[in-house]
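Each protein sequence line maps, in turn, to chains A and B.
For reference, each letter of the first sequence is one residue, going 1 to 300 in our numbering.
For reference, each letter of the second sequence is one residue, going 1001 to 1413 in our numbering.
Honestly, the hints are just simulated from the structure, not real lab data.
Bear in mind the structure is a predicted one, so any value in this text is a computation, not a measurement.
The beta-carbon is built from N, C-alpha and C at its ideal position, and this holds for glycine as well.
Wrong hints could be hidden among the right ones.
Sample of chain A residues facing chain B (criterion: CB under 7 Å; computed from the structure) [what the hints assert, rightly or not]:
#1 11
#2 137
#3 196
#4 221
#5 222
#6 262
#7 266
#8 269
#9 271
The residues making up each chain are set out below.
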Amino acid sequence: MLSSLELLISAPVLNVQLLLDGIFIGAVYALAAYGLALVWGVMNLKNLAQGDFVIMGGYLAWMLVNQGMNPFLTLPIVAIAMFAFGWAIYRIIICRVIERDLFTSLLATFGLALVMQQILNQIYGPEVQSINAGFDSLAIFGGMVTVAQVKLITLCITAVLAASLVCFMKMSRMGQAIRATAQDPRAARVMGINTDRVYAFTFALNSAICGAAGVLIAMIWVIQPFYGIPYSIRAFVIVTAAGLGNLPGVILAALGLGVAEQYAGFTLGAQLQQFTVVSLLVVVLLFKQFQRGRKRQVLQ
Amino acid sequence: MRMSMRYPVAMGIAAIGLSAAGAISPAAAADDTITLGSAISLTGKYATNGLNTQRGYDLGVKRINEAGGVKIGDKTYKIAIKYYDDESTPLRTAELFERLIKQDGIKLLLGPYSSATTKAAAPIIEKYEVPMVEAEAASRSLFTQGYKYMFGIISTSEQYVESSIDLAAEMAEKNGKKPSSLKVAMVFENDPFSLDVRAGAIERAKKYKMQVVVDDKMPRDLNDISATLTKVKALKPDVLLVSGHEKGASTAMRQIKQLQVNVPIMTITHCESAKVIQNFGKVSEGVLCPTQWAETLNYKGKYFGTAQEFADLFKKTYEGYKEVPYQAAQATAAVVVWKEALEKAGSTDATKVRDALSKLDIMTFYGPVKFDSTGKNPVKPMVLRQIQDGEYKVVAPTKYATAKLEFPRKVAY
Chain A
1 MLSSLELLIS APVLNVQLLL DGIFIGAVYA LAAYGLALVW GVMNLKNLAQ
51 GDFVIMGGYL AWMLVNQGMN PFLTLPIVAI AMFAFGWAIY RIIICRVIER
101 DLFTSLLATF GLALVMQQIL NQIYGPEVQS INAGFDSLAI FGGMVTVAQV
151 KLITLCITAV LAASLVCFMK MSRMGQAIRA TAQDPRAARV MGINTDRVYA
201 FTFALNSAIC GAAGVLIAMI WVIQPFYGIP YSIRAFVIVT AAGLGNLPGV
251 ILAALGLGVA EQYAGFTLGA QLQQFTVVSL LVVVLLFKQF QRGRKRQVLQ
Chain B
1001 MRMSMRYPVA MGIAAIGLSA AGAISPAAAA DDTITLGSAI SLTGKYATNG
1051 LNTQRGYDLG VKRINEAGGV KIGDKTYKIA IKYYDDESTP LRTAELFERL
1101 IKQDGIKLLL GPYSSATTKA AAPIIEKYEV PMVEAEAASR SLFTQGYKYM
1151 FGIISTSEQY VESSIDLAAE MAEKNGKKPS SLKVAMVFEN DPFSLDVRAG
1201 AIERAKKYKM QVVVDDKMPR DLNDISATLT KVKALKPDVL LVSGHEKGAS
1251 TAMRQIKQLQ VNVPIMTITH CESAKVIQNF GKVSEGVLCP TQWAETLNYK
1301 GKYFGTAQEF ADLFKKTYEG YKEVPYQAAQ ATAAVVVWKE ALEKAGSTDA
1351 TKVRDALSKL DIMTFYGPVK FDSTGKNPVK PMVLRQIQDG EYKVVAPTKY
1401 ATAKLEFPRK VAY
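Take these sequences, add in the hints, and give me the full structure.
Okay, here's the thing in structure tokens:
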């Protein structure tokens, strides 16, 4: 560990590599996390199947690419397909558990995660797959730092997606309805908003965002039917740390998490990379608890 | 499946039937047939390789019977195999081996498929003191328990990447460098198999006094090792070893490409099943992939000729194979080992055969076989193939190589 730190100090350019890689992957986490923040904030649903939606999106894209489609063109198609899938899942399962207590919805989405994993496994098999988008890497600083072009493009796509989501939430009627429902579902209903439809739309939107993230993940990493869990965990860590309904917070937390993971992998080794993520969450929660405790004291 | 449901009844009936008729078994049967027994995975998750194993066993039996069978004293015997399906579950394997020994009276056994099922069978064969030749279990822990009746002909897991370190040392000496000046980087998955592989690598690196500069373990569900690879790039090691099943191979290849990592000797396990040539094309050039056996090796034995001749025969006998799975080749080799051991023992008595097995020293199409005191076959090396022009070429050990090692690895990112 010490030798790794020394290395970082003696060759500062390595920091650039770690930071860049962290930002690239953090951007993809941000997508999945924002989707989760949406369903959590609007519907109070803790979707444990979040990562499996991501993987499913990846597999859909992989299938289309095998049919000869350009990897980037699959993105809108997968997003639309996943939107429809999310809508159907809402109608079949989620609408039945949304009014129930926390455990019912946790169990339902956990069950959904298991079923999705097994179905993906049945259809696509347990082999590890990836999409080859056919891009090279840019070498900078005399080859000491490399930037995979595909990651760069991914970052741009993520930024565009995030920006259009913000616009959608702010400007469109549906976006306004979603925000209204998040604030107070009863009042929204009184005002004539069909909250059931808003819920269905929100869940489907989340599914589409996850699908898009899955397409990007299949291009920069690998996918396998059972690899959804790490994305679920990271999405939960990010949303818990950033708080609900706070898109800038989610993006910042996601990028921070990505960078933290890279540094942890570098200094402590790959075995402690995820451990660090979860420890960070504990620290954040403790800090928040501490803050809240102080507020309460003031009130007394 | 079929068997599991009716198992208790079927077992009862079979027991009565068999003891009454006594026709199929026991080992030294009246009709001049020696029956070997095995429970392999014909259904369940190991079914594909279970079938490959069975085909390997069957081909071995067929060829040896055609060549006159087994000669014991002045009598010749044909050989046959009695199979059960263990449904890929170790518990069933243990039950079925007990049944082979106790009810079918079989005293000469062939191993099941996979390390997990073999681990379950081992205590049974030790209990009844019945010898078993296994060819499908690579776990190191099978040979550290002091088992006396189990003989494994394949290289154990800790040998998977050892030969890469040997190769690095060899190349260093050739270029006038000391092996102890070399730096080794390793990334292994955190699972029993890969950690066995790691143990072998650490030991071998220690032998040459090489410096291990990176020793990362990737968790099962982590698919990002770019931080580790950044470290590798900065430290410029002479050897990079990666083992983490198909996921490890795919992840490593993808990120090695993205980060443009190059190391003179780069070894990755499971390249073939991860399809690295098809998926990563020219980036996979120069990567070394260990394997148990390859058709192109220049091994040559008595009954099947060369490795290539065996492969041709196998493909002719069973349709639909583009390449012969090594699982089948080693299964056939196990039958060859039985024939040689029985003839050497001059008897079918379990103890005598066991002693003959432990003294065996033969060459086969699958490689040399000579068991050590733990029952392993250390004389058969792991073979290293290098990807050259999109094809796997055997480059080490030098004695059996059919192509020249490209050193250092050259690649255009």
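Here's how the hints hold up against the structure:
1. 11: 6 Å, holds
2. 137: 6 Å, holds
3. 196: Check failed: Cβ of residue 196 of chain A comes no nearer than 36 Å to chain B, outside 7 Å.
4. 221: Nearest chain B Cβ about 5 Å off; hint holds.
5. 222: At 5 Å from the nearest chain B Cβ, residue 222 of chain A passes the 7 Å test, so the hint holds.
6. 262: 5 Å, holds
7. 266: 4 Å, holds
8. 269: Holds, about 4 Å.
9. 271: Residue 271 of chain A check passes; min Cβ-Cβ to chain B is 4 Å, inside 7 Å.
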